[in-house]
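Join the two chains, each given in its own frame, into one complex according to the hints.
Sequence lines, in order, name chains A and B.
Start counting the first sequence at 8; every next residue gets the next number (my numbering).
Start counting the second sequence at 147; every next residue gets the next number (my numbering).
Just so you know, not all the hints are guaranteed correct.
No farther apart than 16 Å at their CA atoms in a straight line, the calculated lysine to aspartate or glutamate pairs in the EDC-like style are these [as the list claims (entries may be wrong)]: (1) K164/A with E263/A; (2) K460/B with D254/A; (3) K420/B with E30/A; (4) K54/A with D232/A; (5) K460/B with D232/A; (6) K460/B with E251/A.
To be clear, the hints were calculated from the coordinates, so they are not data collected in a lab.
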Amino acid sequence: MNERLDVQKTYKLFIGGAFPRSESGRTFAVHAPDGSLIANVASASRKDLRDAVVAARSAQTGWAARTAYNRGQILYRVAEVMEGRRTQFVEELCRCGVKAATAELEVDRAIDRWVWYAGWCDKFHHIAGTVNSVAGPYFNFTTPEPTGVVGILAPEKPGLLGLVSRLAPALVSGNTAVVLTGEASPLTAVSMAEVVATSDVPGGVVNILTGATHELLPWLLGHRDVNAVDLTGAPDLEASVVAEAADNVKRLIRGEPDDQSPYVIADFCEMKTVWHPIGR
Amino acid sequence: MVTPPSRPGRLGEVKTEVATPTASAVFAPRSRSGVALRVTPVDEVGLEARAKTFTTRSIKTSSKRAAIDLAVSCIDLTTLEGMDTPGKVAALCRKAVRPDPSNPAVPSVAAVCVYPQLVPVAVTHTNGTGVHVASVAGAFPSGQSSLAVRIADIEQAVADGADEIDIVISRGAFLAGDYNYVFNEIEAQKVACGPAHLKVILETGELGSYDQIRKASMLAMAAGADFIKTSTGKVAHNSSMPVALCMAEAIRDYAEQTGEIVGLKVAGGIRTAKQAWHYLVLIAETLGTQWLTPDLFRIGASSLLNDLLLQVQKLDTGRYSGPNYVSVD
Chain A
8 MNERLDVQKT
18 YKLFIGGAFP
28 RSESGRTFAV
38 HAPDGSLIAN
48 VASASRKDLR
58 DAVVAARSAQ
68 TGWAARTAYN
78 RGQILYRVAE
88 VMEGRRTQFV
98 EELCRCGVKA
108 ATAELEVDRA
118 IDRWVWYAGW
128 CDKFHHIAGT
138 VNSVAGPYFN
148 FTTPEPTGVV
158 GILAPEKPGL
168 LGLVSRLAPA
178 LVSGNTAVVL
188 TGEASPLTAV
198 SMAEVVATSD
208 VPGGVVNILT
218 GATHELLPWL
228 LGHRDVNAVD
238 LTGAPDLEAS
248 VVAEAADNVK
258 RLIRGEPDDQ
268 SPYVIADFCE
278 MKTVWHPIGR
Chain B
147 MVTPPSRPGR
157 LGEVKTEVAT
167 PTASAVFAPR
177 SRSGVALRVT
187 PVDEVGLEAR
197 AKTFTTRSIK
207 TSSKRAAIDL
217 AVSCIDLTTL
227 EGMDTPGKVA
237 ALCRKAVRPD
247 PSNPAVPSVA
257 AVCVYPQLVP
267 VAVTHTNGTG
277 VHVASVAGAF
287 PSGQSSLAVR
297 IADIEQAVAD
307 GADEIDIVIS
317 RGAFLAGDYN
327 YVFNEIEAQK
337 VACGPAHLKV
347 ILETGELGSY
357 DQIRKASMLA
367 MAAGADFIKT
377 STGKVAHNSS
387 MPVALCMAEA
397 IRDYAEQTGE
407 IVGLKVAGGI
417 RTAKQAWHYL
427 VLIAETLGTQ
437 WLTPDLFRIG
447 ASSLLNDLLL
457 QVQKLDTGRY
467 SGPNYVSVD
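Chain B on its own, in the form it takes in the complex (with noise of 0.2 Å):
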């Protein structure tokens, strides 16, 4: 069992014992390494014309396939329902090792996403496939447990061998402006996670403004995660491209002020391959091709693998296809 650091943070003084969450720091977060970070406000308009010419792009041929088999390899296939058993699990685990029994050709996807009760039934099936076993923790999607059942639910599904883990911030503190809260939290968990890596999920659609996106991006990453996430796909308003494009920057700015690199996980909604080429084309010119490997980029879907596949099919046969042609999940 971790507890929560007792040193001062980098946030200035530490409450360790917070129940309630009250307004108090000013937002100015420093990094890992000890910068003092700045975080800029968001032109809104600009940001939206700008996350809008990404989907303009035109991709034929070669480039669909090249687009095709980076965007499969970046899948974290998930499953978060509530009726998951262990053999939808076991099924969902042999479609991200290989997505398409029948063309070899379609690279397995970079992991799967489960809740942390079946993180053993995803380890069994993907040992040895080099596909890694994601598990939202922390009382996902609300995040509306104490820090300690929190931490251990985390350590649970690291010790069963998750080898990444999903958590949600504490929206109420973060909108309350308790800062130092939510850091010190983020802080702890990624602690808990031990070697495997953090994604902080910030659910976008709760936060109300890019400001305060771009305000909890630098946040997290400060306070130590692997990978911002945009959302939990339980709430109304899921990754969009302008929110993906807030949190790019940030993470933009983030390495050119620290020089710490930080990855980003799009996540619901995300359901047509069209979709997943212009998060692509957007993660390329906001943070360059360095990004565009499933080490620093993932999207997190489940029907996006099939329209995918059935983009392949359309490439190899030269006919349009359809959801027969697919598994069903």
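The following block holds chain A by itself, in its conformation from the complex (with noise of 0.2 Å):
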């Protein structure tokens, strides 16, 4: 009887819907508490960064027109797929030393947050946008509008509920994310690329690059066609790096890396208010 060979997977990063190894050819090892090899990771260069931001970039519109009901549907099927895929997150949290009852508890919380945010689609506008009372024959509303191409820093712990707490949200209006996953937890974020890439998300809305995040941030803060940074990831930066975000005036987020509320998805976005005549 022939004994199987392993079949070890190769963890790449996720651009454009597809999954290149980075352009550098670039790798770091992940090990396990023991000290053992789990896998090597792709570690990203600011090149893929900037393909990655060219991907987000052209598929922002075309998310951003989809309907709020559709988007949610497609949401939705990332929490179904996940639920498909249970076993092998908790997995993967194991083998990097999280205890089974905590990863499990991890997995499920990440998949219902998920459809939580999923639910929110075509919800969100009636909590952040107003009907505002003006002096004058006008409707005045404001509603919330995706900001744009939004760069993430996923939070280093808990690295999958962490990084989907970021994450889904910031797709609930319509914006499209570059997310970097550090070096923390890579092996849960390029599974949750693969949930992504089979979930009916158009390739390009998120794009995932794992590697060193201290290399990559300063060009992600400086890039002028990012429109918004989420820093919940890196709470203790110094001045002089964000610096950088204030060249074409980004949007930068803080938040709390375990935190489910419609304010998070507000966060995302951009509010604009339109004037409309009160017809006769």
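If you want it as structure tokens, here you go:
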């Protein structure tokens, strides 16, 4: 009887709906708590970041133009597909040293979070938007609109749940995202990318880059085609680094790694006010 | 009105009133100076492998800046849509003269390329700037009109002020093997151009093989083309690196055999700065750096210019830029 060979998974980047290796050819090793090698993971370069932003930009208009209801269906589909891969996510967390019970809880909460935000797609406008009273014969509405291309620094802990908690609310309103996951929990981040890739999310809407955040972050903050950056994953950033974002007046977002609120969706939105004459 | 030449052509007997192309001539063209041209077969595998090597060069910093400037100055900034308006052409001309209004260091492009109907508008807006006006003429893009109509089209464009004319070859006649017919047509259209430069579009995507492309290149050059051009941009397969290499090698061989220098224009599907300098490398390493001038090398493109401008911005500011920072065409 022949013994089967191991089929090792190559953990790659997720850019524009495809899974390329890093343009730089670099990788970094992920070790289990006992020191054994789990995998080599692609380490993104600034050119991968550049490509990811181009993909996100070209996908943004189409994603925002879908009906809110359809975006909700697609985000719910992400939860469905993730549920089917539940054991894989749990196993990957366990390999990186998370206890089984904790891992199961984190995966369940991550799936539920997708469901929760999916439901908000066609409802959050009513919370975030207003009808303003003005002194004149006009309707005056303030409505939330997607900011555009959003860079997200995924929180290191909790790796999977933190990623979902920041990514999902950004997608709800029609933003596209370039996520830097750092080097802390790349396995579940890449598996999350595989789930997204098979859930009818259009290519480029979500881009996930594993690798050294400190190297990529200045390029992300300085990138003139990125409209907002979520710094939840890097709370203690030096002011001189953050100042890069001032060049094109980026929206900077700071939140909680494990938060679930319609106001997080609003954080990723621009408010647009419209005047409309009242007819007689 | 110029009539097709009635004297015996260099390809042998000339048929001036060919209604339907028929297979006739053996392919044995002679150059303008009467040199019998050798047309060797193309090694398809070798050609494609060689073409791939041009895409692997690393071009950085000051070389990159020089490559960007050269690419910009070789562009034929093109708009060939049924919906082109005088306003759009005027805007295109302003962009051609001064590609980035905030950065005077960026050079003008070589020419604007428009339909004959819009040549007067383009001439008005480029007058005195050094930017040429190129016009596609001769029943572009199919070429499926009578020679008389095509010649009238060319003459009108030249009379309106176009100093470069882009024509297509009759692919139908070429594929049917009637090389005389194609040769004589090009020759007649060259006469109609008068002082204007003639660029002959081979529409390589419709020729079928590299051997055919090489043959068509030789034929066009022998018949009087100042430039040979890959494609119209209106069919599925546009310019590619192997096709450009095949044509560049034909130009090189033609120059070696006859001493006559012909230019190359690549067009269709060239959208990124990276693609542009792949072509620059191809030209430099196949024909030599003397071809790296707007007089002998052109890139027919529209969105390429914006990508080049974004690269300039990246070099100047150290930040990646985006489509919001260049004009919408």
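16 Å limit on alpha-carbon distance, applied to hinted pair K460/B and E251/A: Given pair K460/B, E251/A holds - Cα atoms ~14 Å apart, limit 16 Å.
K460/B paired with D232/A [C-alpha distance capped at 16 Å]: holds, 12 Å
Hint consistency between K164/A and E263/A [alpha-carbon to alpha-carbon, up to 16 Å]: holds, 11 Å
Pairwise hint evaluation, D232/A against K54/A, where the allowed Cα distance is 16 Å at most: holds, 14 Å
K420/B paired with E30/A [C-alpha distance capped at 16 Å]: holds, 15 Å
16 Å Cα cutoff - pair K460/B, D254/A: holds, 13 Å
Comparing the model with each numbered hint stated earlier shows that all of them hold.
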